[in-house]
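Number of protein chains: 2
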Amino acid sequence: MNSDEILELRDRHIGGSLSVSYRRPLHIVRGERQFLFDTEGRAYLDCVNNVCHVGHCHPRVVEAAGKQMALLNTNTRYLHENIVEYAQRLSATLPGPLEVCFFVCSGSEANELALRLARTATDRRDVVVIDSAYHGNTGAMVELSPYKFDGRGGAGKPDHVHVAPAPDPYRGPFRHGDPDAGERYAEGVAAQLTAAAAAGRPAAAFLAESVPGCAGQIVPPEGYLRSAFEHTRAAGALCVADEVQVGFGRVGTHWWGFEVQRATPDIVTLGKPIGNGHPLGAVVTTRAIADAFDNGMEYFNTFGGNPVSCAIGLAVLDVIEDEGLMENARVAGERFQAGLRELAASHPIIGDVRGLGLFIGAELVRDPDTLEPATAEASAIVNAMRERGILLSTDGPFDNVIKIKPPLVFTAEDADRVVSELDSVLAGEAFAVS
Amino acid sequence: MNSDEILELRDRHIGGSLSVSYRRPLHIVRGERQFLFDTEGRAYLDCVNNVCHVGHCHPRVVEAAGKQMALLNTNTRYLHENIVEYAQRLSATLPGPLEVCFFVCSGSEANELALRLARTATDRRDVVVIDSAYHGNTGAMVELSPYKFDGRGGAGKPDHVHVAPAPDPYRGPFRHGDPDAGERYAEGVAAQLTAAAAAGRPAAAFLAESVPGCAGQIVPPEGYLRSAFEHTRAAGALCVADEVQVGFGRVGTHWWGFEVQRATPDIVTLGKPIGNGHPLGAVVTTRAIADAFDNGMEYFNTFGGNPVSCAIGLAVLDVIEDEGLMENARVAGERFQAGLRELAASHPIIGDVRGLGLFIGAELVRDPDTLEPATAEASAIVNAMRERGILLSTDGPFDNVIKIKPPLVFTAEDADRVVSELDSVLAGEAFAVS
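Taken in order, these protein sequences are the chains called C and B.
Mapping of the first sequence onto our numbering: position 266 corresponds to residue 266, and the numbering continues sequentially without gaps.
Mapping of the second sequence onto our numbering: position 141 corresponds to residue 141, and the numbering continues sequentially without gaps.
So here's chain C without its partners, still in its complex pose (with noise of 0.2 Å):
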């Protein structure tokens, strides 16, 4: 099939609220590692697949898949060594206290169970999220994603939901080189914890993106997960930490993103990377959570925890560990953040450089006092880069931040390629800023 049958195919058998990326949409049929390859062959490189995070069709990945889905493929109501083996593994990773495991199909589905454990050990109802956040695509995470509920088609804010400012030490009301932005911008938390309970409605959670990526790639100031955390706890809430889209050591330092903010979350879930592609989340809380729920009802997931995603799961641990991953995300995006600050000496429209291992943004603006979003210009630079066979793409409430978000395969030298191609689109006249 060519890209027009497909296309006419998708008109005809495909919601229309699926879009295609790219003004020419990309006709991909084959990857390896950091790659995507068309039907001509040509290569592209990927800067924003966090799914495929160990690398497109990683042969490790892909081995442990086929052996397991030949021998045996059946749900956890029987036992088996891959569920436990992988639940004792993945709980290695996290802070002590974080140890009894659920497994499910998605990032969506674990946020929906982390929503379901909260209120059933709290027995509260409301949330308190970030803005601009997205959790996924159920009703109920629609419902707590001012991403969602704020933007096109939405619904506006529901009432059992209570926004906190998103925590953007750029463009938010506490900014950089302000000591106390972190502590600041936790008092938001903290003012929407009172505020709920005076309504008569406290908290349930604050369920809040470690590092958020739909808002901007936004890195948080120093101590404002910790501080937001403690706030939480004294109003009696639980403290979901969501890492389906930042998690598994792609802040370079440490496996999961609350780590760096020196914050310990009471559940935390897991989706995107955790299968390098294959449908998996999970929710990993402490016992006396994992108790609480425990109430006489059953949860069941058909798929979650089956050998097949455990075994992928496990072989995804294996080669972050094997091939020093987690190392990987750090050096190249350093470099990756190095070289884009470099360009944005020479190139005023890159207004701000921000991000953890490999997991940057990079925010356009047309005048650095009024920070007016660059949106047409971001759109236009990323359909420009994927025209030099690079992938890149954009985010945040403006859609004006370059997201990158590579597998972590990624190289030092490819960051110096993107940082190069950037530097030629940029010159060219379009994106000049008075």
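Hints may contain errors.
Note that identical chains are pooled: a pair holds if it fits in a single copy or bridges any two copies.
What the hints assert, rightly or not - In silico SDA-like cross-links for lysine to any residue, where the CA-CA straight-line distance does not exceed 25 Å:
1) K157 x A292
2) K67 x T39
3) K67 x R89
4) K157 x S17
5) K157 x D399
6) K157 x R171
7) K67 x G41
8) K67 x R33
It is worth saying that the hints were derived from the structure and are not from the lab.
Given chain C's structure and the hints, the job is docking chain B onto it.
Just chain B, lined up with the frame of chain C:
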């Protein structure tokens, strides 16, 4: 690892709300066709796994998965032929108007999306469901599942949910032999739709398993679903058929359970058997409903519709067709039901035998007049059969229905063997009914 070690690690690292099957748990390490094998190589005839639909570890499915996993597994924002080919093939099995597909990772995600579709398309919120129904493990699905909210640990019926009586011609108010039973039960749906509207909360949807499973493998009386759908449409609501448990040819005469009742839904949800164990689900609906949902808000599912999942989905369709599994379900299912009916003649504990194809229930009662449920006996029988190498389970509001829903490669000879072993177990003193 031996069973004790696995159980110990489950206690430590897995939530207690996940139960293990059978008094003496099974440690299963291999699967093939309709058989599971334990660590000692003992074979168990699997009469309950409606997920590994075309047989455990079917080589064509395993091969399709492995081949595509090694080639490409990325998201649906690039063009790829697998998703459109699969959408086309899947639509072709469904009645004409059902032609737009959304791919997700599980039946729960499918029902979640169906609810979002129905609510957006109707701008209404409430839902009519059938008593004892189960629709998934997310928050909203637990709220729509009397099986859960009325069960242990349940919080009761939410205000936005309206429960119609289960169309159970054995235990319900309108029974076998009543030619109007279907209409009467459908009037129960109409009554809920009317009451909801009168209370100022008109229903967005009537959500029903085409052939109710957790309610006890109920085959609704003739005309029920068709008439219930007419009432639903007259009330301005949408008809959602949950085919997660029963779909893909299991009923023997048709691809879908609703076809048996000559009813066509507006939205159909698919899960469990769709990927033979791979985490996959789908929602198929009309162009009009899909377009109404396309209101500006993107629906993106990270894993849903990826090339691997679609390759697996396609392989499952191929196997069903090439191996004539629908017809096999009809033949083996008829033999199974005939055998059970014969047993019922000599064992009055078997109060009712019902089913369609290889979706069968045998309801056990202590008294054929009062229908007192033989719950403990059902559990004892299932455990005794497990010792004889045959896997069954129980379900229904009283947990007294022996549930039969094997992989579709199950044979008439397998059915004979189960019936014969069951005869022998029932001849034991423990199961005598006065």
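Now for the hints, and whether the structure bears them out:
Taking identical chains as interchangeable, the C-alpha atoms of K157 and A292 lie at most 25 Å apart only when they sit on different chains, with a minimum of 21 Å there against 29 Å within one chain. For the identical chains of this complex, K67 and T39 are inter-copy neighbours only, at 17 Å across copies versus 29 Å inside a copy, given an alpha-carbon limit of 25 Å. In this assembly of identical chains, the alpha carbons of K67 and R89 lie at most 25 Å apart only when taken from the same copy (20 Å versus 28 Å across copies). In this homomeric assembly, K157 and S17 come within 25 Å of each other (Cα to Cα) only inside a single copy, at 21 Å, whereas the closest approach across copies is 32 Å.
Proximity of K157 to D399 under the C-alpha cut-off of 25 Å is restricted to the intra-copy arrangement: shortest distance 21 Å within a copy versus 41 Å between copies. Within a single copy, K157 and R171 get their C-alpha atoms as close as 22 Å, which meets the 25 Å cut-off; across copies the closest is 45 Å, which misses it. Taking identical chains as interchangeable, the C-alpha atoms of K67 and G41 lie at most 25 Å apart only when they sit on different chains, with a minimum of 18 Å there against 29 Å within one chain. Proximity of K67 and R33 under a CA criterion of 25 Å is satisfied in both settings, with 21 Å inside one chain copy and 17 Å between copies.
Checked against the numbered hints above, the structure violates none of them.
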